[in-house]
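2 protein chains.
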Amino acid sequence: MSDGNPGIDMAALSALAEPNRMQIVELLREGPLTVGEIAERLGLRQPQASKHLKVLSDSGVVEVKADANRRIYKLRSEPFLTFQSWVKSFRHVWEERFDNLDNYLRELQSKDNQ
Amino acid sequence: MSDGNPGIDMAALSALAEPNRMQIVELLREGPLTVGEIAERLGLRQPQASKHLKVLSDSGVVEVKADANRRIYKLRSEPFLTFQSWVKSFRHVWEERFDNLDNYLRELQSKDNQ
DNA sequence: AAAGAATATTCCTGTAAAGGAATATTTAAA
DNA sequence: TTTAAATATTCCTTTACAGGAATATTCTTT
Numbered sequence: 001m002s003d004g005n006p007g008i009d010m011a012a013l014s015a016l017a018e019p020n021r022m023q024i025v026e027l028l029r030e031g032p033l034t035v036g037e038i039a040e041r042l043g044l045r046q047p048q049a050s051k052h053l054k055v056l057s058d059s060g061v062v063e064v065k066a067d068a069n070r071r072i073y074k075l076r077s078e079p080f081l082t083f084q085s086w087v088k089s090f091r092h093v094w095e096e097r098f099d100n101l102d103n104y105l106r107e108l109q110s111k112d113n114q
Numbered sequence: 001m002s003d004g005n006p007g008i009d010m011a012a013l014s015a016l017a018e019p020n021r022m023q024i025v026e027l028l029r030e031g032p033l034t035v036g037e038i039a040e041r042l043g044l045r046q047p048q049a050s051k052h053l054k055v056l057s058d059s060g061v062v063e064v065k066a067d068a069n070r071r072i073y074k075l076r077s078e079p080f081l082t083f084q085s086w087v088k089s090f091r092h093v094w095e096e097r098f099d100n101l102d103n104y105l106r107e108l109q110s111k112d113n114q
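For the protein sequence lines, the chains are R and A, in the order given.
Numbered as in the UniProt record's numbering, the first sequence ends at 114 without a single skipped number.
Numbered as in the UniProt record's numbering, the second sequence ends at 114 without a single skipped number.
Hints may contain errors.
It does not matter which identical chain is meant; a pair holds if it fits inside one copy or across any two.
[What the hints assert, rightly or not] Quick list of in silico lysine to any residue cross-link-like pairs, SDA-like style, CA-CA up to 25 Å:
1. Lys54 - Trp94
2. Lys54 - Ala66
3. Lys54 - Arg41
4. Lys88 - Ala68
5. Lys65 - Trp94
6. Lys88 - Ser50
7. Lys65 - Ser85
8. Lys88 - Arg70
9. Lys88 - Asp67
10. Lys88 - Asn69
11. Lys74 - Ala17
12. Lys74 - Arg45
13. Lys51 - Ser14
14. Lys88 - Arg71
15. Lys74 - Glu96
Keep in mind that the hints were calculated from the coordinates and are not lab data.
From just these sequences and the hints, can you work out the full model?
Okay, structure coming up:
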């Protein structure tokens, strides 16, 4: 991670970087939904909804639960937690802690979490 | 935002959803860099580096400062702060607060910030 | 068993975007 | 004022991917 390897799930990020899929994610905040419900509420055709959900599923953003005829999709927490810790790690950048050694050492003292 | 409008900067998100640009962002954590330095350290050709930096710049992820012959790029904080508040707002989802009315009302009481 | 619902998949097409190479532009240096 | 360095831009080609339409698949219902 101190190499060029980003501490973030690029698959999940790419999946979210598409308006319809972002809308699906926003919709799923309310709770799990079936494909049909998602398609209807977002004005998508069923095949497109399925395709987008597949991308979200493959990248771990959502998970599926089979219920007979239907597939119930819901958000997974893991990618969001990962994203959160990645974003949080930028706090160091804004706080320009490396201006002098004093600040740097002081920062090492304070805890990083939250 | 309670409509389908995501509380996140999609332009910035899309910009980051490209490996080279993500690497540029990771690199700029260390501090501002010129185009040439970025290109060299990431093994990119100069034109590609410029193009990626333009995308990052247009989407507000980075900002430029002209220094004579060179352009010094550095990260902007705003999009990351936006990301952070967006991703934080998912905490509600994982904590399944809407299971029953009691929890729901209790949640309304507690403060949302942080 | 047949018909219908819900979902996934396939094939096709159009388009956005990334890389390569060349060149334009701006500023410094000689 | 010519040359070189740093960066941006343009043009071209290729590729990834999203949408449309049709169809396959799976399960329920009758």
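Hint check results:
| no. | hint | result |
| --- | --- | --- |
| 1 | Lys54 - Trp94 | between (37 Å within a copy, 22 Å between copies) |
| 2 | Lys54 - Ala66 | within (14 Å within a copy, 44 Å between copies) |
| 3 | Lys54 - Arg41 | within (18 Å within a copy, 36 Å between copies) |
| 4 | Lys88 - Ala68 | neither (41 Å within a copy, 34 Å between copies) |
| 5 | Lys65 - Trp94 | between (41 Å within a copy, 17 Å between copies) |
| 6 | Lys88 - Ser50 | neither (33 Å within a copy, 27 Å between copies) |
| 7 | Lys65 - Ser85 | neither (28 Å within a copy, 29 Å between copies) |
| 8 | Lys88 - Arg70 | neither (38 Å within a copy, 31 Å between copies) |
| 9 | Lys88 - Asp67 | neither (37 Å within a copy, 30 Å between copies) |
| 10 | Lys88 - Asn69 | neither (41 Å within a copy, 34 Å between copies) |
| 11 | Lys74 - Ala17 | both (18 Å within a copy, 23 Å between copies) |
| 12 | Lys74 - Arg45 | within (19 Å within a copy, 42 Å between copies) |
| 13 | Lys51 - Ser14 | both (15 Å within a copy, 19 Å between copies) |
| 14 | Lys88 - Arg71 | neither (34 Å within a copy, 28 Å between copies) |
| 15 | Lys74 - Glu96 | between (39 Å within a copy, 12 Å between copies) |
The structure does not agree with the numbered hints 4, 6, 7, 8, 9, 10 and 14 stated previously, though it agrees with the rest.
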